[in-house]
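Novice: Modelling step: build the complete structure from the supplied sequences, incorporating the hints.
Read off the chains here:
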Amino acid sequence: MPFNILVAVSLVYVLFLFLVAFVAERRAARGRLHFLYSPWVYTLSLSIYCTAWTFYGAVGSAARSGLEFLTIYLGPTLVFTGWWWVLRKLVRIGRAQRVTSIADLISSRYGKSNLLGVIVTLMSVAAATPYIALQLQSVTLSFGVFAADTPEFWALPNQSATALWIAGGLALFTILFGTRNLDANERHHGVVTAIALEAVMKLVALLAVGIWVVWGLADGVGDILDRIDASALADWQLQPGRFAGLTFVSAAAVLTLPRMFQVLVVENTDERHLVTASWAFPGYLLLMSLFVVPIAVVGLETAAPGANPDLFVLSLPLSQGQGGLALLAFLGGFSSATSMVIVAAIALSTMVSNHIVTPLWLALARGPAERGDVRGLVLTSRRLSIGAVLAMGYGYYQLSGGSEALAAIGLIAFVGAAQVLPALIGGIFWRGATHTGAAAGMVIGFAIWLYALFLPSVGEGGLISASLMKDGPFGLTWLRPQALFGIDGLDPFLHAMLWSLLLNTLAFLTLSMISFPGPVERLQGVAFVNVFEGREGAKGWSRGQAEAEDLLSMAQRILGAQEAQLFFQAQAAAQGKRGFLPDPTPDFLAALERQLAGSVGAATAHAMISQLIGGAAVSVQDLIAVANEAQEIKEYSAQLEAQSKELARTARALREANEKLTSLSVQKDAFLGQISHELRTPMTSIRAFSEILMEPDLPEAMRAQYAEIIHEEARRLTRLLDDLIDLAVLENRKVNLNISVANLHDLINRAVQSASSTRPERDFRYERDFPTEHMPVFTDTDRLVQVFINLISNARKYCDAERAVLRIEVKRSKNRVQIDFIDNGGGIPKAQQQLIFEKFARLTDTQKAGGAGLGLAICREIMANLGGSIDYLPGQGGAAFRMTLPLRRREGEAEPV
Amino acid sequence: MDAARLLPLFGVVLFTLPALWRPDAGAHPDTARGLIYLFTVWALLVALAAALARGLAPALDAEEEAEGSLPSLPTTAPPKDGDL
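Chains as they are written, first to last, in my numbering: chain V, 1 to 897; chain A, 1001 to 1084.
Take the hints with a grain of salt, since some may be wrong.
Residues on chain A that point at chain V, a partial pick, calculated with CB under 7 Å [what the hints assert, rightly or not]:
(1) L1007
(2) G1011
(3) L1014
(4) W1042
From the derived model, a few chain V residues whose C-beta atoms are all more than 10 Å from chain A [unchecked claim]:
(5) D226
(6) P682
(7) R716
Hints are computed from structural coordinates only; laboratory data are not their basis.
Ideal Cβ positions, reconstructed from N, Cα and C, are used throughout, including at glycine.
Specialist: If you want it as structure tokens, here you go:
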């Protein structure tokens, strides 16, 4: 197996992964990726549990300590077969609260406290860094196996250079495909597809090697079993403590490892996928470990003494001249390492950016008035964190010198991650668990883990001196890292696990019982523990003084303009209102907060909303409602509530309709009055001047001037009548449309030109993005231009800014186009926003406007006839109108009357 | 559903049983037997879980749909100006 072919093949494989991820992203964007939502892809993505530590290390571990390696897979098997207990609840909570990471879950449960988020984030980073280093090491070592028997020319010049290349490539992949969208709840399609592919790859590779060993090298199952009993493995003695302890820790880790939580809860799209995963994932683990012992046994028999059993999967086929098989095994190991690092980096970077960077930024840039897009900041910080996480992994690899000590790090990381377990399980099953208890438990557990397991693992004389290991700090023998409280002779791993988790749980329980939860914490506790009762999560917000408009402009900065507007529109529709601004009811605020939490984490979302609301978050009623246990017995109250909500919605719609009706009847009267007035004014002057014209001896100049005036007034009259007839025709949908195709860009140009006659003396600037405007539209182009002209002239007339600027934004979504006209003036007061589309509505006095006030009414009717709509868009810092239009108008598509 | 709750307990008991073998193991090495035993229990658990999953899937489907219908938006469109 020439080394250069190996390098070429792995490069091709990496390119292939990039391509697959890219294609998956592309297809997902077009909504054609239904297989991604299958439970099988979900199950395969869970397989990142099997890292290089499994792929290579399991064989090594079996060679050293027999069947003990199985515990690492038995633990998760138990958790998954028992999915009904914990996993189902976790996934449900994750979806209900839009949880972004395990740190977010803990922080959200304990009163949206960011302190807890920070603690969990730091613990996770500390535990995951060596683990990432381990993956880098495994890939480097496996390269080394191939390089070992090649000429000097191809020998790796420097192992750390390989590791650096790998870390860099992984960072690039993760940044490209892991930070495409801000909402951590959205799936990373490219990443998930690539990982599912790698999951298949590693299973196939390990099975292939296993089958070759059992039926190729040995004579089938019977022979292998005899060889097992004859080998050194048979001397293995089961240590009940370690066996149970390892099983427990791996069961805990499958829940609490940040990367497992990421694929298990955050990337879950459908709770039903768990049902499949409940047996398919244990099945996957079973297949992965099926051939581990045979490979270990045969490896021990054939390999040279002193060979590294961790690499038997590679070295065994290689020594027997099976180059192709070895290559397959190499790709399997490569897949295991890379998929773990990618997901771990995504999970950790989400935690770091949501719990450390964003809160810091918010604290530094005070006040909601602060402008600017938060999304860019969060995405950048996420990308930087990915780089930092991988750099730390690489740094650790360099620091530890790629030593054997790394091999033990898998278990050490498991115990570190398991420190979150008491707070996690307590949080979702026990309402009495408090913030103080959780923080104290985790900090104590983490400290013991650091002192008793992590630091000693770096090696004798590394970070902890040998004398300290032997005599304890300051000569206090009862504080020796591996024999705390004088309990000696225990396995160091078991010892650290026992003490850290025991004291962690003890502190968590005790402090939870003697401390009191805050209001938000109580509400969240109920929402988490009773997530299956079908009750909405606690509202958490009493009706605040926030203006919906302020909330919208904040949401736009985090979610993006498009998404925020859609969300607000849907919420307004649910309240039975039209337009973009729902009432800031507690329900709406809670929904908004959940939406934001999906992007920046619960604690930050809570802080941002309370900045706008002004503190008063929880009302006494809310707390009483929580405390009142009797309420839970009344099951039907939920139904009543739903009905009354429905009633309230109808009532609100009726009230709006009634208000409209009343104002319409007033308008009707006004309309008649207006019409008579508008008709009478020109009529009066026509009559007066024609009477003068009847005088016999009028000078010619005067006669011409008066005739001119009569003509002008008659034209004005005709125009008014034309507009009225036009409006009537449009309103009755009887208009004949003249459909043709045109370039939207040209149409806007035409409108800009035509409108330039309005107040031509004005300094007026247009801000346009030409490339986006080029698209064909099938519609009545004259009518469309008429609407454009109207909007532009209005801006020219009414925009009160010193240097008026009109921004025209065109956005295409599927088969509709959306055109925004936004000026930089004072905008339209909220009370008037409802009225501007009505007939004869004018905000300023008639003379100044010089029109009859029919313009926008006609615009609205035209758009309805063209199958689109026009609305006032609040919260844009000026008057803003949004038109939407189908790219291709079909007959009978006009909105029903 | 109770079966789904009990399954992991069943697994815990079976997986920890090997701990009790040690005293009577004697000189005879039985790693291979242990291996076969553990994998058999494992396969059994996977099979049982798959059978349970099949049984529970309809119930979960129903639950999922019932949930999906709660927060849906009102089907009646808000009144339009043309209505009046």
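Novice: Each hint needs a verdict: does it hold in this structure or not?
Specialist: Okay, the hints, checked on the actual structure:
no. : hint  : verdict
1   : L1007 : holds, 5 Å
2   : G1011 : holds, 5 Å
3   : L1014 : violated, 10 Å
4   : W1042 : holds, 5 Å
5   : D226  : violated, 8 Å
6   : P682  : holds, 29 Å
7   : R716  : holds, 28 Å
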